[in-house]
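Participant: Heads up: the sequence shown begins at 1 in the numbering used here, then just goes up one per residue.
What the hints contain is simulated information worked out from the structure, not anything from laboratory work. Every residue, glycine too, gets a C-beta built ideally from N, C-alpha and C. Heads up, some of the hints might be wrong.
Simulated restraints, written as ranges between beta carbons of each label pair [what the hints assert, rightly or not]:
#1 E9 - G41: 27 to 33 angstroms
#2 G54 - S20: 30 to 36 angstroms
#3 D48 - I22: 25 to 31 angstroms
#4 G23 - Q45: 15 to 21 angstroms
#5 T38 - H61: 15 to 21 angstroms
#6 R12 - K33: 16 to 22 angstroms
#7 R30 - E9: 15 to 21 angstroms
#8 I22 - P50: 17 to 23 angstroms
#9 L40 - I13: 26 to 32 angstroms
Mimicking EDC-like on lysine to aspartate or glutamate, the simulated pairs with C-alpha atoms at most 16 angstroms apart in a straight line are [to be verified]:
#10 K39 - E9
#11 K39 - D57
#12 K66 - E43
#13 K19 - E64
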Amino acid sequence: MAATTTDAEVKRITVKWVKSAIGYNVRQKRTLKALGLTKLGQEVQHDDTPQIRGMLDAVKHLVEVK
1 MAATTTDAEV
11 KRITVKWVKS
21 AIGYNVRQKR
31 TLKALGLTKL
41 GQEVQHDDTP
51 QIRGMLDAVK
61 HLVEVK
């Protein structure tokens, strides 16, 4: 049986949108929106999961991860 994680064990990452998405394709703009980023300079926090890491990899040139 797989071990379950509690809220204390889940790592959080902060994502800041640092570069405009103008000139980039729609898929990258949708990825920013899916991450909860709506304005340049905005910061959001997410659980550190493989799904979020994949999204960040797709827009790594537009965001900063702390």
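Participant: So, for every hint listed, does it hold in this structure?
Facilitator: Here is what the structure says about each hint:
1. For the pair E9 and G41, the supplied restraint of 27 to 33 angstroms holds, since their beta-carbon distance comes to about 31 angstroms.
2. For the hinted restraint 30 to 36 angstroms between G54 and S20, the CB-CB distance of approximately 22 angstroms leaves it violated.
3. For the pair D48 and I22, the beta carbons lie near 29 angstroms from each other, so the given range of 25 to 31 angstroms is met.
4. With their beta carbons about 28 angstroms apart, G23 and Q45 fall outside the hinted range of 15 to 21 angstroms.
5. The hinted window of 15 to 21 angstroms between T38 and H61 holds, with their beta carbons roughly 19 angstroms apart.
6. About 20 angstroms separates the C-beta atoms of R12 and K33, a value consistent with the hinted range of 16 to 22 angstroms.
7. For R30 and E9, the Cβ-Cβ distance of about 30 angstroms falls outside the hinted range of 15 to 21 angstroms, so the restraint is violated.
8. Taking the beta carbon of each, I22 and P50 are about 29 angstroms apart, not inside 17 to 23 angstroms as hinted.
9. Separated by about 19 angstroms at the C-beta atoms, L40 and I13 break the suggested range of 26 to 32 angstroms.
10. With a C-alpha separation of about 30 angstroms, the suggested pair K39 and E9 falls outside the 16 angstroms cut-off, and the hint is violated.
11. At most 16 angstroms may separate the alpha-carbon atoms for a hinted pair to count; K39 and D57 exceed this at roughly 19 angstroms.
12. Under the criterion of a C-alpha separation no larger than 16 angstroms, the hint pairing K66 with E43 is consistent with the structure, at around 10 angstroms.
13. With a C-alpha separation of about 9 angstroms, the suggested pair K19 and E64 falls inside the 16 angstroms cut-off, and the hint holds.
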